[in-house]
Amino acid sequence: MATQYARERGGGQSDSLYRAVVDTAVDAIVIIDRAGEVRSVNQATERLFGYTPGELVGHNVNMLMPEPYAAEHDSYLANYLRTGAKKIIGIGREVAGRRKDGSVFPMELSVGEARDGDEPIFVGIIRDITERKVAEAALRESELRWRSILDTVPDAIIVIDAHGAVESFSPAAERLFGYAAGEVVGNNVKMLMPSPYREAHDDYLARFASTGERRIIGIGRIVVGRRKDGGTFPMQLAVGEFASPSGNFFTGFVRDLTERQVSERRIEDLQTELLHASRLSVMGQMASTMAHELNQPLTAVTNYLEAGRHLMSTGAAAPERIADLMEKAVTQAQRAGEVIRQLRQFVSKGETERRTQNLNQLVEEALALALIGARQSGVLVSLELDRELPPVLVDPVQIQQVVLNLVRNAVEAMEEVERRELTISTRPVGEKIETSVADSGPGIAPELANRLFQPFVTTKKTGMGLGLSICREIIEAHHGHLTFSPRPGGGTIFLLTLPKTSQDEPTDAG
Amino acid sequence: MPGNAHVYIVDDDAAVRDSLSVLLDACGYQVRTFGLAQEFLDAASALPPGCLIADIRMPEMDGLELQRRLKERSLSFPTIVITGHGDVPLAVRAMKAGALDFIEKPYASQAILNSVAAALLRLRAPDERDPSAVAATAKLDLLSPREREVLEGLLAGLPNKSIAYDLAISPRTVEIHRARVMDKMGARSLSELVRFALAAGVRTK
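Just so you know, the protein sequences line up as chains A and B, in that order.
Heads up: the first sequence is residues 1 to 510, going by this note's numbering.
Heads up: the second sequence is residues 1 to 205, going by this note's numbering.
One thing to keep in mind: the hints can contain errors.
Computed, partial: chain A to chain B, Cβ under 8 Å [said to hold, decoys possible]:
| hint | residue |
| --- | --- |
| 1 | Thr299 |
| 2 | Leu311 |
| 3 | Leu325 |
| 4 | Thr356 |
| 5 | Gln357 |
No lab work stands behind these hints, which were simulated from the structure alone.
We put the beta carbon where it would ideally sit given N, CA and C, even for glycine.
With the hints as extra help, turn the sequences into a complete structure.
Put into structure tokens, the structure is as follows:
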């Protein structure tokens with residue numbers, strides 16, 4: 001090889017330098033003459049093909065090729081020398097090589113042409129690309145595997161670019177949103193959102209791009225999605241971010257919370273996670289106990305007063321006797337008051353933890369949670385949330401309980417009507433923030449209107465009549481108000497008002 | 001007013017016990033109160049005949065158990081049971097065990113006074129069937145099959161929603177049936193309906 005070549009050329013310092021370079025090369029270097037006979041090879045050739053230089057030099061280079069290249073090589077060479085048509089020289093190609101042991105491997109071959117006196121010689125540089133091929137195959141396989149996973153996971157997967165344009169839309173997403181991938185890819189992802197998310201989404205992306213402020217990435221939230229038919233549904237959204245040479249991308253994983261496939265257990269997990277279910281059931285038990293505790297003194301009060309009235313009507317009883325009954329009735333009324341005080345304490349102080357919160361987010365989550373299972377009832381939900389809402393200082397769980405309660409009430413109220421429209425809005429009004437939950441139900445009967453927030457008053461067939469009274473307790477403990485009014489055109493609007501600025505806890509909740 | 005008519009009150013809540021006693025006393029009844037069912041049971045055989053008002057939920061021995069023990073000893077007191085919210089199934093059991101009436105707490109005083117008067121009437125003419133119950137037997141035939149099913153559901157102490165589910169109809173429809181049943185049976189309250197229906201021999205599920 002190089003040594004041999006040097007000897008043939010007569011030796012010299014430039015030859016030894018040349019030899020060092022050639023032998024240092026990682027790639028195999030093979031020099032052939034016009035007949036295809038090997039003139040010289042370097043050390044890498046020996047390593048790669050397993051032949052000693054002596055076994056190669058003077059032999060046809062096609063011994064290093066598998067069929068059909070081996071058989072065709074001589075005619076390629078002849079053809080080139082005759083026509084000058086370059087098929088490989090100066091271009092480089094991926095071809096196959098053959099080792100001494102007969103094994104075949106993929107290689108990248110580049111060929112240069114030179115002159116040795118008048119004779120053309122060809123320099124072949126050979127790189128073993130076995131590993132690269134393996135890596136490429138692995139990459140391809142990996143991509144196929146991922147694609148098959150993405151195509152089968154029940155979660156819808158949507159990839160968007162930094163401007164919100166949809167890059168990919170999985171089959172699960174097609175099923176969930178009712179759009180074919182072709183209808184969505186290339187369009188802005190906001191088409192999958194109802195107002196007001198739809199209008200706000202570009203701003204979110206822009207804000208994230210400029211500030212890096214994370215509202216949802218890596219956190220996951222419950223939001224509302226919009227299907228092709230305009231229907232809305234609660235969904236859990238997790239967003240991941242990845243940077244590629246062609247820009248930033250976001251991957252959204254969407255889980256339909258109304259989907260029947262979602263097992264009850266998952267919903268329960270979620271609710272427990274948000275503490276709603278557990279707290280509400282504690283609240284329910286509490287309420288039931290309270291009802292019993294209140295019944296006792298109230299019954300006694302009624303009895304004492306009735307007895308007193310009876311005695312007075314006969315005119316036979318001594319005033320001291322009547323006074324004694326009054327005294328007893330008062331004691332029992334106070335006992336009832338004590339029960340109420342305990343309830344109020346439980347509700348307003350018990351485990352309460354006030355934090356600065358974005359009311360919109362609380363409302364959205366409570367709404368999504370309240371709508372679980374309401375998909376069939378065909379309720380048209382519209383959200384009118386003021387995006388500039390200042391934060392409020394509240395116990396998030398309690399406020400969500402209230403909203404959840406109001407939304408559930410609204411949905412139930414619309415069970416028997418044709419037009420089911422639920423509108424939830426938030427807006428700042430002076431020093432307060434108003435949240436309204438409006439339904440298109442039959443409205444509140446006038447005879448109930450004055451007593452609606454009282455305990456044990458209910459419009460439901462099976463209800464304790466404690467939900468609204470507890471809601472009002474909670475809101476008043478937050479220095480707010482809970483009221484209702486008829487909705488123009490039919491239905492009821494519940495209005496929840498909370499103070500804008502934070503206030504200290506009351507020293508006496510009673 | 002019945003100056004020599006006896007009423008016995010068994011309730012674990014001292015205020016309820018005392019206030020009811022005061023009320024009935026003001027109305028001219030001879031009243032004795034007991035804080036525990038066992039106390040009444042111990043005294044029962046020596047007591048003059050009278051009406052028993054028992055809370056259905058009490059510690060140690062509840063109203064139902066008291067009824068059973070009295071029956072065991074062949075002691076007969078026309079009984080009114082007092083129930084809390086949502087205790088209809090318990091109340092129905094009490095009625096089946098022979099209670100004359102059940103009254104839900106909190107109650108109007110007049111309701112309990114009426115009930116006591118009816119119970120004492122029964123004491124004087126034990127074999128005479130409640131006239132409104134006799135009439136109820138005839139009225140039972142007026143019910144449609146569906147109304148009859150709803151009635152049976154009510155007697156089983158089921159809420160409207162459960163009855164609706166069992167019959168595969170809407171809760172609203174159950175409510176309508178329920179109102180018709182009350183009308184046709186001439187019952188003014190659930191307890192009256194239960195009383196009439198049991199007297200008329202309706203079996204519960």
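Check: Looking back at the hints listed earlier, which ones does the structure fail to meet?
Finding: 4 and 5
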